[in-house]
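J.: Next come the chains, spelled out residue by residue.
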Amino acid sequence: DGGITQSPKYLFRKEGQNVTLSCEQNLNHDAMYWYRQDPGQGLRLIYYSQIVNDFQKGDIAEGYSVSREKKESFPLTVTSAQKNPTAFYLCASRDRGSNQPQHFGDGTRLSIL
Amino acid sequence: GNSVTQMEGPVTLSEEAFLTINCTYTATGYPSLFWYVQYPGEGLQLLLKATKADDKGSNKGFEATYRKETTSFHLEKGSVQVSDSAVYFCALSDPSEDSSYKLIFGSGTRLLVRP
Chain C
1 DGGITQSPKY
11 LFRKEGQNVT
21 LSCEQNLNHD
31 AMYWYRQDPG
41 QGLRLIYYSQ
51 IVNDFQKGDI
61 AEGYSVSREK
71 KESFPLTVTS
81 AQKNPTAFYL
91 CASRDRGSNQ
101 PQHFGDGTRL
111 SIL
Chain E
1 GNSVTQMEGP
11 VTLSEEAFLT
21 INCTYTATGY
31 PSLFWYVQYP
41 GEGLQLLLKA
51 TKADDKGSNK
61 GFEATYRKET
71 TSFHLEKGSV
81 QVSDSAVYFC
91 ALSDPSEDSS
101 YKLIFGSGTR
111 LLVRP
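Quick mapping for you: the protein sequence lines, in order, are chains C and E. Using the working numbering, read the first sequence as starting at 1 and increasing by one per residue. Using the working numbering, read the second sequence as starting at 1 and increasing by one per residue.
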């Protein structure tokens with residue numbers, strides 16, 4: 001089955017530690033996105049990539065980093081510079097075409113120890 | 001800038017009741033509009049979409065019509081089920097303003113359907 005796989009489902013971070021969230025898709029989509037969801041709020045864009053080896057900052061990129069070395073993979077690193085990392089993180093991908101929707105993974109919940 | 005406003009929840013209904021969740025938007029260009037649904041502990045699933053004025057999106061008994069004159073995209077369902085209990089998000093994408101095709105979301109509306 002085609003889809004987006006995020007791992008792990010739950011992740012805990014210690015103070016001063018970087019952690020990496022995995023996102024893999026087998027939909028052959030060119031564009032991939034990372035969003036952050038806080039309780040009772042909508043999603044906000046962290047980073048996006050529209051092609052391999054290229055990515056752009058979204059609205060709340062500070063304290064995060066990404067890479068796009070392969071079409072199917074778009075990992076997100078939450079660095080120690082991100083002072084409030086506790087949130088639900090969602091990865092999405094999108095096919096080419098102006099009216100194509102984004103498809104989402106099941107998310108990773110990150111908490112601070 | 002572009003934005004989406006949804007009615008606050010929770011919306012509590014009895015099974016088989018009629019559902020309306022209001023969504024209005026502000027956009028400078030010609031956005032596409034979406035409704036996504038999120039079940040507890042899961043990601044978002046696309047429920048329906050509309051890409052131009054007067055388009056009606058529909059899926060699983062849910063409908064929404066793209067109203068440019070009122071800048072609205074209200075979600076409706078004629079008879080809700082307990083299994084419809086979830087959080088519903090209205091969103092827009094406006095590539096004429098932002099080539100990233102990013103989604104701008106409303107804050108979500110929680111729906112609780114009682115047996």
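Bear in mind the hints are in silico, worked out from the structure with no lab data behind them. Virtual Cβ for every residue (Gly too), placed ideally from N, Cα, C. Heads up, some of the hints might be wrong.
For the chain C half of the interface with chain E, some residues (derived, Cβ under 7 Å), not all of them [what the hints assert, rightly or not]:
no.: 1; residue: P39
no.: 2; residue: Q41
no.: 3; residue: G42
no.: 4; residue: L45
no.: 5; residue: D54
no.: 6; residue: F55
no.: 7; residue: L90
no.: 8; residue: G97
J.: Any hints this thing doesn't respect? Which numbers, in order?
T.: 1, 5, 6, 8
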